[in-house]
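Peer 1: Could you build the full structure based on these sequences and the hints that come with them?
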Amino acid sequence: MLSVKNIYKSFNRLSILKGISFSQNKGEIIALMGKNGTGKSTLLRIIARIMKADSGTVTFNEKDLLSANSKYRNNMFYVGHEPGLYSFFSPIENLKFLLKTRDLSSKENSIEDKLDRYGLIDFIDKPIAVFSKGMLQKLKLVQIELVNPDLLLFDEPYSSLDEDGVVLVDQLIADIKMQNKSAILVLHDEYKAKKYGDFIFKLASGKISKKNAT
Amino acid sequence: MLLNLIKKELLIEFRSKQIILSMLIFGLAIILIFALSSNVSSEILSSYSPGMFWLMNLFIVVLGVHRSFAYEKEFDAFSLLVSAPINRGQIFLSKWISGFIFITTTQLIVIVPFFNLLLLDIPENLLLFILTSMLINLGMMAIANLVSGIVIRSNFSEILLPLLMFPLLSPLIIAATKISSAVINAHSYEVWNVWVLIVVSIVVLFGLAGYALFDFIVEE
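Line by line, the protein sequences give chains L and P. 1 is the number of the first residue of the first sequence in the numbering used here; add one for each residue after it. 215 is the number of the first residue of the second sequence in the numbering used here; add one for each residue after it.
These are calculated hints, taken from the structure and not from any lab test. Backbone N, C-alpha and C define an ideal beta-carbon position, used for all residues, glycine too. Among the hints, erroneous ones may be present.
[Said to hold, decoys possible] Below, in silico cross-link-like pairs of lysine-lysine (DSS-like), each with a Cα-Cα straight-line distance of 30 Å or less:
(1) L:K195 with P:K287
(2) L:K96 with P:K287
(3) P:K287 with L:K18
(4) P:K287 with L:K194
(5) P:K221 with L:K71
(6) P:K221 with L:K96
(7) L:K71 with L:K52
(8) L:K71 with P:K231
[What the hints assert, rightly or not] So the derived label-pair ranges between C-beta atoms look like this:
(9) P:F430 with L:Q179: 31 to 37 Å
(10) L:N25 with P:L374: 42 to 48 Å
(11) P:P381 with L:N25: 47 to 53 Å
[As the list claims (entries may be wrong)] What the simulated footprint calls covered on chain L by chain P, stretch by stretch (three residues with Cβ under 8 Å from a Cβ of chain P suffice, anywhere in the stretch; the number is not a length):
(12) 39-52
(13) 79-89
(14) 94-104
Peer 2: The structure is reproduced here in structure tokens:
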């Protein structure tokens, strides 16, 4: 399903990724771990084609993701550290715009239901500029539920969340597994990585090592 | 999709009012400085006025385009946009068209104080002045958005934007000054058509370049 081959990336001559290669089958969840600055976010951003790799290839469902054809990214969704939303828009406006960029339609009621589930319904018409980090993180979860991608690239899903939020992320990952969808999750918690990941990939010194989660 | 992207640009501006308002205030401030500091005869002022008009536009375009891309950097919305399965050329087109709307709106407001405060006569053929200005605006916005797309990922985008943009905009500003001067002085079209052709070439060249290259230049 996803195949990453020989990805190299350096910043100002500092080599971050040195020939990263791995593959992922449908329904697999990869927990990507590593210390700060080892290139976890960089790798996700390269796969999502937000960042340019120095060399290497990424294919998703046999299609070259690094090519100019945007449609190849159709069933993939990247969620980074920031929410990727517009601060002057309300949650509902942001979510509607997100769905339009992916040619998806969703009724307003369904969006409201999801916002309610994540405890954001009281802020439905407020610009997200006033949201706390935790609320923005929950809004990312709503985005994921609405897009429901085949491959989710999620950078630090548990960041800034309260206890309820952590439970919601747990449920979301469980849903992904149940639906036989795939995800690459950047995690720092070994327990969570073992619990949800089919494989744990560790990034260190620009190289990746793989081990079974069980 | 293009329509949705343009709607998004216009709605953000409708909410924030930051682009047009900042361009307006800056434009009016420049006009006031010109008006209060110029101590020359009306003939000399009149001959310099097209240059002053486009110099003012040069500065306000930097301000407007920078703001338009600053929205995208906030909360990293641009990453969501470029990772979405949409033709990135359409992102450029939406920025180009919305930028054109913003600069034209600003010009339509500042044009009256520009001529009034500098004690200049309103051009006899005001409609032609506005139409030619709109064509020039298309060229300015094509260049400005292409350059902004290149520098958006840089930490020094505020510095890089004018540094890269001013040299690229210079030929256009020269042509714009020649055209506006000819329109104000009611010269026949044969005298200034070459400048119009230059502007049209710039619009086509940078418009196509922006559409085709945006896919590659917006990646980090």
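Peer 1: Against this structure, judge whether each hint is valid.
Peer 2: For each hint, the structure was consulted:
{"no.": "1", "hint": "L:K195 with P:K287", "verdict": "violated (35 Å)"}
{"no.": "2", "hint": "L:K96 with P:K287", "verdict": "holds (20 Å)"}
{"no.": "3", "hint": "P:K287 with L:K18", "verdict": "holds (28 Å)"}
{"no.": "4", "hint": "P:K287 with L:K194", "verdict": "violated (35 Å)"}
{"no.": "5", "hint": "P:K221 with L:K71", "verdict": "holds (22 Å)"}
{"no.": "6", "hint": "P:K221 with L:K96", "verdict": "holds (12 Å)"}
{"no.": "7", "hint": "L:K71 with L:K52", "verdict": "holds (18 Å)"}
{"no.": "8", "hint": "L:K71 with P:K231", "verdict": "violated (34 Å)"}
{"no.": "9", "hint": "P:F430 with L:Q179: 31 to 37 Å", "verdict": "holds (34 Å)"}
{"no.": "10", "hint": "L:N25 with P:L374: 42 to 48 Å", "verdict": "holds (43 Å)"}
{"no.": "11", "hint": "P:P381 with L:N25: 47 to 53 Å", "verdict": "holds (51 Å)"}
{"no.": "12", "hint": "39-52", "verdict": "holds (count 6)"}
{"no.": "13", "hint": "79-89", "verdict": "holds (count 10)"}
{"no.": "14", "hint": "94-104", "verdict": "holds (count 6)"}
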